[in-house]
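**Q** What follows is the residue order along each chain.
There are 2 protein chains.
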Amino acid sequence: MTPPQKKLHLAVIGLGLIGGSFALALRRAGYVRHISGFDTDAEQAQQAVELGVIDQACTDIAATVAEAALILIAVPVGAIRQVFSEINGHLLPTALVMDAGSTKGSVIADFHAACADHIHQFIPAHPIAGIETSGVAAASADLYKNRTVILTPTGQQTNAALQHAQAAWQACGARTEHMQAEQHDVILATTSHLPHLLAFNLMQVLHGQHHQAELKACAGGGLRDFRRIAGSDPVMWRDIALANHTALCASLRAYINGLEQLATELDAGDDSALHQRFTQAQSLYRQLN
Amino acid sequence: MTPPQKKLHLAVIGLGLIGGSFALALRRAGYVRHISGFDTDAEQAQQAVELGVIDQACTDIAATVAEAALILIAVPVGAIRQVFSEINGHLLPTALVMDAGSTKGSVIADFHAACADHIHQFIPAHPIAGIETSGVAAASADLYKNRTVILTPTGQQTNAALQHAQAAWQACGARTEHMQAEQHDVILATTSHLPHLLAFNLMQVLHGQHHQAELKACAGGGLRDFRRIAGSDPVMWRDIALANHTALCASLRAYINGLEQLATELDAGDDSALHQRFTQAQSLYRQLN
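Order-wise, the sequence lines are chains A and B. Using numbering that gives the first Met the number 0, you'd call the opening residue of the first sequence number 0 and step up by one each time. Using numbering that gives the first Met the number 0, you'd call the opening residue of the second sequence number 0 and step up by one each time.
Simulated from the structure, these hints should not be mistaken for lab results. Accuracy of the hints is not assured; some may be wrong.
One copy or two, it doesn't matter: identical chains are merged, so the pair holds either way.
[Stated by the list, open to error] With a cut-off of at most 20 Å between alpha-carbon atoms, the simulated EDC-like pairs for lysine to aspartate or glutamate come out as follows: (1) Lys6 <-> Glu66; (2) Lys6 <-> Asp59; (3) Lys215 <-> Glu181; (4) Lys215 <-> Glu176; (5) Lys144 <-> Glu176; (6) Lys5 <-> Glu259; (7) Lys5 <-> Asp54; (8) Lys5 <-> Glu66; (9) Lys215 <-> Asp54; (10) Lys6 <-> Asp54; (11) Lys5 <-> Glu85.
Computed from a prediction, not measured in an experiment: that's the story for all the values here.
Turn these sequences into a full structure, and let the hints steer you where they fit.
**A** Laid out in structure tokens, this is it:
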């Protein structure tokens, strides 16, 4: 990726792992000349300056974005509408605004509600980065390397905005893919949001049933794989679940239906049905790997 | 662990990762003088000899165990009863027999049915080893190091048998814990067997809903954690599910019930109920780590 002829002013709202890694990657790529940043947690913002992630911590969102050519809003989905309302009216006419949220339909609706006059400047984005850590201290210029970033253009954007969005993520080392927001939300409901609900629910079933000492002794195998996501932030996942509520409910109902069939087969001791079911699952697993 | 004064003859039935690692660990600990082995797959048995895992590959089970002081039966749960019937009447009076199966009630019932006269020589065992690979080529003398091995004594064993079982696993570097077979099966139903069913079911829901190209693009985050177990052997897990059918059905019904409540809260947009639910889950996750 060739750096732009004139290096840009980047603004990052939300100085966590996602926003911080975007800043580090674009700085390393020679893409930016100045990075302003804002976080509701002033200590996090100060740490971002100290770590060299941003050049300047601003005290309000309007000032952070006012001179920026590229703006990434990397706050939890539940907080994004408020940020949109605070950037409204403060953007340069050629600025590009992107979010990095895990749901896209709700984010687009929030943008329309809070910031409609700027809709041609907005490209919804979702970096699929498989995150196990959080906070600006964990940010890395390599986070997006060889990762996929799903862009879900609204159809109301300018060509320049879309090209800029692609170029910025590619400068981070990522691949970009385009998808309809609705399709993104339906797929992510099952590949990401549902697995989090399943892991949370497993923890609750365990909690209701057993003593901890014995659980610890037996916590190998399958449970270990569920634990990482069961440790995810409850507020963030409540907000994602509610923001993608329709698609997630449909996915959850289909999942429950599958479990009901499985329980029936198990009750009946139906070995051939179970074998067929598990073989199909393994086959899809192999296709995805 | 001090090696026994007189080194032992070990027999291993089932020369995969579990049996092979047990042989390698005990050899390294100076615990054994000779290791005989048997596998229904003659190539696997030959490979075990070539890799130095066993000294001698036998062509039948009775001959494998006839002179052994310690016998580990590390075959899938669905094949274990047949092995018990083939060792019956061929054991030295002081020999110790252990299995390594993921279910314990069914294994004890199989032993009673096929090998009842030797019940005082039998200690049911389940090493919790978090296995991602299989086959004798993956066997390692370190597999059990710092792992927990659950022993579920029947109450009919001799003291010498129980002491020998503990000593052998400790020589492999493992901790041993005692538990009732019923309690083991109830806990493992939720910590291990249920997560496998959940991962298989997630693959099936995905398979029914989406195109693979888009799934691959979106397969970060939660899905990744489910994939490893969804790739587990369908026959092995069918047999485990059927062998632990009662406890697993109960666990599955409790799990479905939790998901139904979650779906209702999601349908109602009940943010405080979801928040409370996810917070409880994260709290148990932290206690288990």
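**Q** All hints, please: hold or fail.
**A** Do the hints match the structure? See the list:
Taking the closest pair of Cα atoms, Lys6 and Glu66 come within 20 Å of each other only inside a single copy of the chain (13 Å); across copies the shortest separation is 79 Å, beyond that limit. Proximity of Lys6 to Asp59 under the C-alpha cut-off of 20 Å is found in neither arrangement, the shortest distances being 24 Å within a copy and 75 Å between copies. Taking identical chains as interchangeable, the C-alpha atoms of Lys215 and Glu181 lie at most 20 Å apart only when they sit on different chains, with a minimum of 17 Å there against 41 Å within one chain. Taking CA atoms no more than 20 Å apart as the test, Lys215 paired with Glu176 passes between copies only; the shortest distance there is 11 Å, against 42 Å inside one copy.
With identical chains, the CA atoms of Lys144 and Glu176 are at most 20 Å apart within one copy only, with a shortest distance of 15 Å there and 44 Å across copies. Taking CA atoms no more than 20 Å apart as the test, Lys5 paired with Glu259 passes in neither setting, with 59 Å inside one copy and 55 Å between copies. For a Cα distance limit of 20 Å, the shortest separation of Lys5 from Asp54 inside one copy, 18 Å, qualifies, whereas the shortest one across copies, 71 Å, does not. With identical chains, the CA atoms of Lys5 and Glu66 are at most 20 Å apart within one copy only, with a shortest distance of 14 Å there and 81 Å across copies.
In this homomeric assembly, Lys215 and Asp54 never come within 20 Å of each other (Cα to Cα): the closest approach is 46 Å inside a single copy and 37 Å across copies. With identical chains, the CA atoms of Lys6 and Asp54 are at most 20 Å apart within one copy only, with a shortest distance of 14 Å there and 68 Å across copies. For a Cα distance limit of 20 Å, the shortest separation of Lys5 from Glu85 qualifies neither inside one copy, at 27 Å, nor across copies, at 79 Å.
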